[in-house]
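**Student:** Now for the letters of each chain:
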Amino acid sequence: DTEVTQTPKHLVMGMTNKKSLKCEQHMGHRAMYWYKQKAKKPPELMFVYSYEKLSINESVPSRFSPECPNSSLLNLHLHALQPEDSALYLCASSRTPGLDNEQFFGPGTRLTVL
Amino acid sequence: QKEVEQNSGPLSVPEGAIASLNCTYSDRGSQSFFWYRQYSGKSPELIMFIYSNGDKEDGRFTAQLNKASQYVSLLIRDSQPSDSATYLCAVNGYGNKLVFGAGTILRVKS
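First to last, the protein sequences are chains A and B. In case it helps, the numbering used here puts the first sequence at residues 1 to 114. In case it helps, the numbering used here puts the second sequence at residues 1 to 110.
Keep in mind the hints are simulated off the structure, nothing from the lab. Since the structure is predicted, the reported quantities are computational estimates derived from the model, not experimental observations. Incorrect hints may have been included.
[To be verified] Per label pair, the in silico range of CB-to-CB distance:
id, chain 1, residue 1, chain 2, residue 2, range
1, A, Glu-58, B, Arg-77, 32 to 42 Å
2, B, Tyr-71, A, Glu-58, 25 to 35 Å
3, A, His-10, B, Tyr-71, 31 to 41 Å
4, A, Lys-41, B, Ile-18, 19 to 29 Å
5, B, Ala-17, A, Gln-82, 40 to 50 Å
6, B, Gln-70, A, Glu-44, 37 to 47 Å
7, B, Asp-58, A, Ala-80, 19 to 29 Å
[To be verified] Some chain B residues flagged as far from chain A (calculated, every beta-carbon gap over 12 Å):
id, residue
8, Gln-6
9, Thr-24
10, Arg-60
11, Asn-66
12, Ala-68
Here a beta-carbon is modelled for each residue, glycine too, at the ideal position from N, C-alpha and C.
Just need the whole structure built from these sequences, with the hints factored in.
**Tutor:** This is the structure in structure tokens:
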């Protein structure tokens with residue numbers, strides 16, 4: 001199994017809603033990542049989990065809250081988002097967080113904030 | 001100066017030609033380099049990675065790395081219309097973070 005899965009594929013939410021994005025991989029990878037991608041822009045790193053511990057937070061607003069319940073799962077909890085947070089949210093994983101480990105992306109969740 | 005630079009394109013090549021995509025990076029300490037292909041509305045797909053100076057070939061794709069000149073390139077031989085996509089160069093640098101270039105749009109015309 002060489003796949004990273006993400007649910008849901010699409011999400012529409014209001015600014016007062018609370019929702020969660022889910023990411024799962026069964027490749028035994030020990031590093032997992034959340035990226036945000038706006039249209040016609042490259043992915044921007046948000047968070048890195050290394051061996052289930054948060055190792056990098058790229059100064060992301062607190063309305064985004066990551067969680068890594070176990071080595072296969074990564075969640076991103078959303079609360080009080082703004083319309084400018086609408087984007088494609090990508091999860092990725094790599095074997096370890098080392099310099100030479102390739103990151104594999106899931107299909108993404110397209111988020112629209114009304 | 002941006003950390004990873006790519007020509008945004010679009011780069012247009014006829015079917016069957018060689019497409020050459022280039023990328024330069026600023027961090028001399030960078031050690032690993034990746035090329036991702038991204039179709040419109042889809043997520044990035046890893047197509048090549050290279051760690052050592054020189055060429056690395058995989059099917060129709062060749063990645064070339066020159067650390068002294070701080071550039072990495074991707075050659076696509078026998079380009080097909082299905083190769084039309086945005087190609088993202090990514091460099092693993094300080095803090096083990098993957099830094100992406102803005103991407104080059106490739107259009108292969110049949």
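**Student:** Check each numbered hint against the structure and report the violated ones by number, ascending.
**Tutor:** Per hint list: 6, 7, 8 violated.
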